[in-house]
Amino acid sequence: MKIGQVTGTVVSTIHLPIITGRRMLLVDLLDIAGEATGDYVIAIDTVDAGAGETVLILDEGTGARQVLDEPEAPIRAVVVGIVDEVSVGQ
Amino acid sequence: MHLARVRGTVVASTITPGLEGTRLLILQPLDRRLQPRGGAVVAADAVTMAGPDELVFYVTSREAAVAMPDTFVPVDHAVIGIVDAVNEVES
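Keeping their order, the protein sequence lines are chains A and B. Take the first sequence: its position 45, counting from 1, is numbered 732 in this note's numbering, and each next residue is one higher. Take the second sequence: its position 25, counting from 1, is numbered 83 in this note's numbering, and each next residue is one higher.
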């Protein structure tokens, strides 16, 4: 899993049926210091994450299908948690 | 999933079994500011509606094949939606 910050949403009308009714979040990936790495991912929200929140991203298809409870979903990235705190050893 | 701009199409009359008739698009992957990032890739069009210059989102790896009508196909990038808007949110 990866840690990211919600920085936007993606709106789409034409898409595969699996996307219908789901929120797509634009998430900037963060490094160990909590700084943006420059990389990002569009992830399906499963935890009602809000703007600016630090979130936990699962970027693996089989796990994503399990989280969504959709065995046929062509989805790889899902937001699976809202991070309260990250502590890194010195 | 990531954002990309449709730059063109690919026609291959000789193609591996399973991909006959599949629409192939040339995608320029984009960063979150919608600026080009890295080299172009060829993606299958799972929504069959993506046109030139459209902003789309795509999946990679095994999920690209799962997006296709027949899921046991050799596809590594697939367009699964057309983007209407990318909204920046303030924290």
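Hints were generated in silico from the structure; no laboratory data involved. All values derive from a computational prediction rather than experimental measurement. Honestly, I wouldn't trust all of these hints.
Label pairs and their in silico Cβ distance ranges [to be verified]:
hint, chain 1, residue 1, chain 2, residue 2, range
1, A, D735, B, A143, 44 to 52 Å
2, A, D718, B, L77, 26 to 34 Å
3, A, D735, B, V69, 40 to 48 Å
4, A, R709, B, R81, 21 to 29 Å
5, A, G737, B, A98, 14 to 22 Å
6, B, P110, A, R710, 24 to 32 Å
7, B, D111, A, D718, 15 to 23 Å
8, A, E757, B, R65, 26 to 34 Å
9, B, L92, A, E722, 36 to 44 Å
10, B, E78, A, S774, 52 to 60 Å
11, A, G721, B, G66, 24 to 32 Å
12, A, P704, B, D111, 22 to 30 Å
13, B, D128, A, E772, 26 to 34 Å
14, A, A738, B, P94, 35 to 43 Å
Yeah, the Cβ is synthetic: ideal placement off N, Cα and C, and Gly gets one too.
Hint check results:
Distance hint for A:D735 and B:A143: a CB-CB separation of about 21 Å, inconsistent with the stated range 44 to 52 Å. Taken as a hint, the range 26 to 34 Å is violated for the pair A:D718 and B:L77, whose Cβ atoms sit roughly 38 Å apart. Checked against the given bound of 40 to 48 Å, the beta carbons of A:D735 and B:V69, roughly 44 Å apart, stay inside it. For A:R709 and B:R81, the Cβ-Cβ distance of about 24 Å falls inside the hinted range of 21 to 29 Å, so the restraint holds.
Range check, A:G737 to B:A98: Cβ separation about 35 Å, and the 14 to 22 Å hint is violated. Taking 24 to 32 Å as the suggested C-beta distance range, the pair B:P110 and A:R710 conforms, at roughly 28 Å. As the Cβ distance of B:D111 to A:D718 is approximately 34 Å, the hint placing it in 15 to 23 Å is violated. In this structure the hint that A:E757 and B:R65 lie 26 to 34 Å apart at CB holds, the actual value being about 31 Å.
One distance hint, 36 to 44 Å for the beta-carbon pair B:L92 and A:E722, is violated here, with the actual separation near 22 Å. Separation of B:E78 from A:S774 is about 54 Å and conforms to the stated range, judged on CB atoms against 52 to 60 Å. Checked against the given bound of 24 to 32 Å, the beta carbons of A:G721 and B:G66, roughly 39 Å apart, lie outside it. Take A:P704 and B:D111: their Cβ atoms lie about 25 Å apart, and the range 22 to 30 Å holds.
Between B:D128 and A:E772 the beta carbons are some 45 Å apart, a value that contradicts the proposed interval 26 to 34 Å. Remark: the range hint 35 to 43 Å for A:A738 to B:P94 is contradicted by a beta-carbon distance near 26 Å.
Violated hints, listed in ascending order, are 1, 2, 5, 7, 9, 11, 13 and 14; each of the other numbered hints is respected by the structure.
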